Structure formats: C-alpha cells, structure tokens
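Q: Given next are the chains, with one letter for each unit.
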Amino acid sequence: MINFIIRNIWQRIILLVFISIISHAIVHLAPGEPALVDPSNPRMKPEDIQLIRTAFHLDEPLHIQYVYWVTDLFSGELKSFKDNQPVLGKIWQRFLNSLPLFLIGTIITWFLAFPVGIRAALSRDSVFDRTSTFFSYALISIPGFFLSYLCIIFMVKTFDVPVIGMQTFGLEEAPLLFRSMDRIWHLTVPAMMSALAGTAVLSRYVRSQMLEVIHQDYIRTARAKGLPEDQVIYRHGLRNALLPFITMFGLTIPGLIGGSVIFETIFAWPGMGRLGYEAILARDFPVILTLNFISAVLVLLGTLVSDILYAVADPRIKF
Amino acid sequence: MAERIPYHEADALPPSKGLFQERWDILKRNRMAYASFWFLIFLLALAVLGKVFTQAVVVFDPKVVRLSEKFLPPFTAFTSTLTPEEDAPVLGIYLLGTDELGRDVFARMLEGTSVSLTVGFVAVGISLTVGVFFGGLAGFYGRVKLGFLTVDTLIMRFVDIMLCFPTFFLILTVVALLPPSIYNIMIVIGLTSWMGTARFVRAEFLSLRDQDFVIAAKSQAIPEWRIIFVHMVPNAIAPVLVSATIGVATAILTESALSFLGFGVQPPDATWGNILSDGKTFLFDAPWLTFIPGFTILFVVLAFNLCGEGLREAFNPKLRSNP
Chain A
0 MINFIIRNIW
10 QRIILLVFIS
20 IISHAIVHLA
30 PGEPALVDPS
40 NPRMKPEDIQ
50 LIRTAFHLDE
60 PLHIQYVYWV
70 TDLFSGELKS
80 FKDNQPVLGK
90 IWQRFLNSLP
100 LFLIGTIITW
110 FLAFPVGIRA
120 ALSRDSVFDR
130 TSTFFSYALI
140 SIPGFFLSYL
150 CIIFMVKTFD
160 VPVIGMQTFG
170 LEEAPLLFRS
180 MDRIWHLTVP
190 AMMSALAGTA
200 VLSRYVRSQM
210 LEVIHQDYIR
220 TARAKGLPED
230 QVIYRHGLRN
240 ALLPFITMFG
250 LTIPGLIGGS
260 VIFETIFAWP
270 GMGRLGYEAI
280 LARDFPVILT
290 LNFISAVLVL
300 LGTLVSDILY
310 AVADPRIKF
Chain B
0 MAERIPYHEA
10 DALPPSKGLF
20 QERWDILKRN
30 RMAYASFWFL
40 IFLLALAVLG
50 KVFTQAVVVF
60 DPKVVRLSEK
70 FLPPFTAFTS
80 TLTPEEDAPV
90 LGIYLLGTDE
100 LGRDVFARML
110 EGTSVSLTVG
120 FVAVGISLTV
130 GVFFGGLAGF
140 YGRVKLGFLT
150 VDTLIMRFVD
160 IMLCFPTFFL
170 ILTVVALLPP
180 SIYNIMIVIG
190 LTSWMGTARF
200 VRAEFLSLRD
210 QDFVIAAKSQ
220 AIPEWRIIFV
230 HMVPNAIAPV
240 LVSATIGVAT
250 AILTESALSF
260 LGFGVQPPDA
270 TWGNILSDGK
280 TFLFDAPWLT
290 FIPGFTILFV
300 VLAFNLCGEG
310 LREAFNPKLR
320 SNP
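Note that the protein sequences, when read in sequence, are chains A and B. The C-terminal position of the first sequence is numbered 318 in numbering that gives the first Met the number 0, with every residue numbered one higher than the one before it. The C-terminal position of the second sequence is numbered 322 in numbering that gives the first Met the number 0, with every residue numbered one higher than the one before it.
These aren't lab readings, by the way, just hints derived from the structure by calculation. There's no promise every hint is true.
Unchecked claim - Below 30 Å or equal to it, Euclidean Cα-Cα: the simulated DSSO-like pairs (lysine-lysine) are:
(1) A:44 <-> A:78
(2) B:217 <-> B:144
(3) B:16 <-> B:27
(4) B:69 <-> A:156
(5) B:279 <-> A:156
The structure presented is a predicted model; accordingly, all values stated were derived computationally and were not measured.
Using the sequences plus the hints, can you model the full thing?
A: Okay, here's the thing in structure tokens:
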C-alpha cells in the first residue's frame, strides 16, 4: 500500500514537471507581451518598457525564465507583473472566495443528482425517467451564461435575490451573524447556476450505473432470498453502483478553477477563475502560469486521492 | 432451435438485414434521436443555403447598417423613409427584428449558422485527426522502443499531461494570447480535445493488431501506414465518429462561452455565440437579441447530443435497451 502510494506520487511529480514546462512554453511562446497591453499609455516610454523587461527577466532565454519562475514560485517570491503583489498571496485570497462557491455547488450537485438518477433508473422508461433525461440533456446543451441570464431576470424579479458580488455594500461593519447570512444569500444564485450543469451530467451517470448494477446476478440473488426491495436497492445495488463515483469525486476538484471562469464573471464573484481571466487580459504571465500549475496539481491530487480511495473501497483491486 | 437449417443452405441465405440497416432501425426506434437526426440534416442544408444567400448571392445582407431602424422587434414591417430602398430586408419584413446597429437579425443568424457549424466541425475534425494519429501510433507501434521508453509510454504519458490541463482555462489563455481569428479558435478547440479519441483508438488498436486480417496484411508486405489507415482505422472508427457528434455540440458551446468572455469569433463575422453575447447587453430593451441566438444554440446542441446518444446506443449493443 505504502509502496503503491509512493510510486503514484513519484509518477505524478514527474508529470507535473512536464506540465509546468509545457505550460510555460505555451504562455511564453504565444505572441503578446505584458508591455504590449497598453501601448497607447503615454507614460510608457521605451526605457520604462526595457526596465520592466529586465526586472521580470523577459529578455533571458526561455529555459532561464523557466528556472526563475520555478525558484520564485517555491520560495514564495513570485510577483505579479500587474501590481507587483506576491502571486501566492493573491491566489490564496481568491481561493478563499472560490471555495464556498465550489463547496456549496458540489453539495447541491451531489444531493440532487443521486436521488434523480436512482429514481430514473428504478422507474425506467416511466414519465419521470423520460422527463429527467430530457431535462438533463437540455441543461447540458444550454450555454451556462444564457441560462444564468434567464435565471437572473426571473430570480431578481421574484425573490429579490442579490446576483452581484459577495456582500451587500455597507454591511462590512455588521455583526458576524448578519454578514454570514448576507454571504450565503449572495451565494445562492451563483452556486445553483454552477451546480445545474454538473447535476445534469452526474444524474445521467448515476442512472446508467444503477441500470448496470440492477441487472447483475447478486441483485437477483438478493431478491431471490426474499430481502425487502429497499434493502436490495440501497444495500446491494447502490453500494456497488457508487464505486465509480469515487473517481468522479476526485475529478471534480479541478473545477475549482476552470469551471468557474464564466460564472464568476457573470456574478462578479472575485474568485480564482476570475483572477485567471483578469490575468489573461493583462498578460500577467506569473499569475496565469501559477494558476495553471495549481490546477494541474489539483487534477493530479484528485486522481491520486481517487486511486487510493478506489483501492480502499474495492477489495478486488490489487496493488 | 426446433429445426436446423442444413449448413449449405444457411450459407446461401443472405442476412435478413444489412449491418447498417439494422443499426438504422435501432436509431429509428429512438424517436427523439431520429427527429434530431433529420433536424441536423435540415440545419446543414440551412447552413449551406445561408452561406450562399449571405455571401455569394446576397439576398439577406447581414452587414447592412440602418441606424434609423435600431431595436425593431421581430416581424416588424419595413416602413422607414430614412433608409434607402435597396437596404430594405427581403419581403419588406424583419423576420427576427434588428439589433443595436439596425442589422437584420435573421440575416445575421443565417450567416452565423454556417460559421458556428464550421467551427464545430473543423474543431472536431482536427481533434479526430490528431487523436486517431496518436492513438494509432501508440496502439500499433506500442512495443517499439525509443531509447529507454516505448512509443506507447511516450504517447500515453503525453495524453496524461494534456488531460491535466484545465481545458477551458487553457483554451482561454491561448486564444487570448494569439491574434483573434476564427481559425485559431477552431485549431485551439481541436488541439485541446483529442485525448479521449487517442485513448479510445489505442485501446481498439491493441485488440486489433493481433487479429488475423492484420497478420494477413503484414504477410503480404503491405506498407505499415497502409495497414494502419486502410485496414485498421476503419475497424476502430465507428464509435469514435459517434462520439464526434457530441464533440461538435461541445465545440459550439465552447465557442459561445469564449464569445461571452470576448475572445470568440470577432465581428464582422457573426456566430450564434457572438450574437448572443452582444445581445445580452440589451437584455431588457431588446430581449429577442438574447433569446433568439440562445434558444437556437440550445436546440442545435440538444439535437447534436440526442442524435449522438442515439447513434451511440445503436452502435453499441451493450447499451441497447431491450436485449
């Protein structure tokens, strides 16, 4: 077991090195430089641009720049091109904003998808199954931002839910209780919107998993020995159907960055996805690279955790 | 079986249905998928017609700006006296209204149909080509050693690396850094979505490469590229093509998301995505500018998804509903 984990971690570290090299190369080889973002700025003289370029080692060869980036990243001294703030601090602050959105979104997704998927699988070809299938396809097919706009019109008019930002303006001094209630109130719509598409996909998976399990021999055995139907389905069926979702859980972690760009932009939520978007607009290479790196770490961590959990949960898997 | 058909007679009997016919019948039974299929055929025809009528024979001109005719709701008749007569829409009616520059939304949507579908199909074409190429290499030459690594390890590790990138963020980064052009968007979407195909083709090739027909081909000294592309790829491609249908849907959605962030296909080219993201600014004054492209994308992507799912069910006997 320990050997398995160590070998896995080792492989992933090697992968990570290659990922960082490739993403560094992609970002630096693409045309467009930080100095070119604002060419009309009269205060930017050629000397200043040269000064900036020297300060950020932009004139060095690519591999030297890579070494600078890695050493700066691990010593925590990496600075943003845009405002000279430490990158890790910036990302950490945004991470704390993204986390509740991600957590609540994930909780909504999993708590909705499982009942819907199981019900659809059990009552196959019923009205419920057909409607839920149709709606999940519709939700997968609709552009997320279009749905969000439709929802904003409806929600704001009907329930008066706030849809912009993280807190009500002027409420900074309020007691903790009110502030946290205000935060949750602001979270409602963004979290629901980011959960919807995920729910649609996941409920389809749950349905097909349940369908596959239900036709297995051990379910027939359980029925044959006269167990109550609930026990057959939830004890014998669901438990076995759950296995693949351990993997899926690991794979949702990177959604923390990539999946949230659109929703954080719509709802003006200052999270990591939005930070990445702003960094791309400003050609802020250190931030883009570090975000890419962090999300690769998250992916690898997610797969590692799911590999281990899978091995723990399924006795058929050998190391 | 009660009565046995003698061997020679059974041999002479033609199969009651061809393989394709059988699959087709299964698809037909799934009414949603079947309807989606015809809808997509209609859409393709519309895209071709749209291309012809907006570019070659200009019947609907998406580029005419009529500033006195801003924000007209759908089905408004052309009554303006300020706009010259030759700029009037066909039949004297704005079928889907006009936008903030007085351009005919119907003409723009028609132009967008071909552009959006092109983005989808070209992106998927690129991803299929790259995926089949790498998957085929890894599957066929998997055992060949380059230094201390096998070709298989090399390619599949590369696939793993590509899978670790946050796709949308990577697309956004590259599209934002490159000069804005419709080709860049297609290429970038294509180059970030080939990994699934590669994995699949590799798995198929691993089981195909030791089969008799491949060994027979090898024994006739047929060149290896020919074995790969003429003998093996056609045997592995059907499920890949099926999932490509869904890939087109994803590419259209990705393009619209990029448009929303301002990195999509740039004006004056119209796509559904950028009509939608331009229209959202006027959501309350001119809701049709948001609803028309939004629901078009919804229906088209839905049709691609349902059709792809139906085809997958028809081509994969394991998923079939009533065995």
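Q: Mind checking the alpha carbons of residue 217 of chain B and residue 144 of chain B for me, to see if they're no more than 30 Å apart?
A: 20 Å, holds
Q: Would you check the hint for residue 44 of chain A and residue 78 of chain A, treating anything up to 30 Å between C-alpha atoms as holding?
A: 22 Å, holds
Q: Hinted pair, alpha-carbon criterion (30 Å max): residue 16 of chain B, residue 27 of chain B. Please report holds or violated.
A: 15 Å, holds
Q: Assess, step by step, whether the Cα of residue 279 of chain B is no farther than 30 Å from the Cα of residue 156 of chain A, and give holds or violated.
A: It holds: about 17 Å lies between the C-alpha atoms, which stays within 30 Å.
Q: Check whether the Cα positions of residue 69 of chain B and residue 156 of chain A lie no farther apart than 30 Å.
A: Holds. Residue 69 of chain B to residue 156 of chain A sits at ~27 Å (cutoff 30 Å).
Going through the hint list in order, the structure satisfies each hint without exception.
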